[in-house]
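**Student:** As a plain string of letters, each chain reads:
There are 2 protein chains.
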Amino acid sequence: MNDAFKALADPTRRQILRLLRDRSMSAGEVADQFNISKPSISHHLNILKQAGLVLDERQGQSIMYSLHTTVVEDVIGWMFHILGKEGKEHDDEQ
Amino acid sequence: MNDAFKALADPTRRQILRLLRDRSMSAGEVADQFNISKPSISHHLNILKQAGLVLDERQGQSIMYSLHTTVVEDVIGWMFHILGKEGKEHDDEQ
DNA sequence: TAGAGATTTAGAATATTATCTAAATATCTA
DNA sequence: TAGATATTTAGATAATATTCTAAATCTCTA
Numbered sequence: 091m092n093d094a095f096k097a098l099a100d101p102t103r104r105q106i107l108r109l110l111r112d113r114s115m116s117a118g119e120v121a122d123q124f125n126i127s128k129p130s131i132s133h134h135l136n137i138l139k140q141a142g143l144v145l146d147e148r149q150g151q152s153i154m155y156s157l158h159t160t161v162v163e164d165v166i167g168w169m170f171h172i173l174g175k176e177g178k179e180h181d182d183e184q
Numbered sequence: 091m092n093d094a095f096k097a098l099a100d101p102t103r104r105q106i107l108r109l110l111r112d113r114s115m116s117a118g119e120v121a122d123q124f125n126i127s128k129p130s131i132s133h134h135l136n137i138l139k140q141a142g143l144v145l146d147e148r149q150g151q152s153i154m155y156s157l158h159t160t161v162v163e164d165v166i167g168w169m170f171h172i173l174g175k176e177g178k179e180h181d182d183e184q
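Chains as they are written, first to last, in the working numbering: chain A, 91 to 184; chain B, 91 to 184.
Simulated from the structure, these hints should not be mistaken for laboratory data.
Any given hint could turn out to be false.
[Stated by the list, open to error] No farther apart than 25 angstroms at their CA atoms in a straight line, the calculated lysine to any residue pairs in the SDA-like style are these:
(1) A:Lys96 / B:Gln105
(2) A:Lys139 / B:Ile172
(3) A:Lys96 / B:Ile131
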């Protein structure tokens, strides 16, 4: 989950997640939304993928990226754990 | 909220929040939980404070740190927004 | 199968972050 | 008020992160 928190620390990556929330997009479509080079966006997408926050699937020439919500739910669980007094047995990497 | 996400990206700072979840602690008490120098912990506490995730209050010689949950709730709100399809009008920097 | 389009990989420059030691500041108490 | 305790500030160093351009890879189609 450390990778997820690190991935979420960058505003560009959070914006990518917001875009993918509405619909899946190809890497190029994502890149078109930013004033950042395609290789940089590709790097951000890879970080999100490593963190388990997005899935990628090749469709012909394009690679489609979509939101993967499982880890998002894990992060929410961690945040709720911080809020509540109960449930001290929450797992976390150091 | 960008500051909060950045603050949460560091595992030491997340562990500090977990410690403060159970009870408020002085800076020294927090530092005693880690193999990290006191100035470094002080730096982490300051980042958490700037992000609005903790509050500090001097009590005599000590400075007590406590969890401040408002921004945690904001982050949870952002995360839920990513999960759900509805509520596209969520505020976010960037 | 050659070329075009989409994406990633490689390598480098710059910026940010985490950490340390040493010194400064603030508070209490004898 | 002098010394002890608690914490922060300053300044430096090493590790990470973000971004770029150029080149490589993969896929489709004419």
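**Student:** It remains to establish, for every hint, whether it holds in the given structure.
**Tutor:** Results for each hint:
1. A:Lys96 / B:Gln105: holds (15 angstroms)
2. A:Lys139 / B:Ile172: Holds, at about 16 angstroms.
3. A:Lys96 / B:Ile131: Cα-Cα ~19 angstroms, so holds.
The structure meets every hint from the earlier list without exception.
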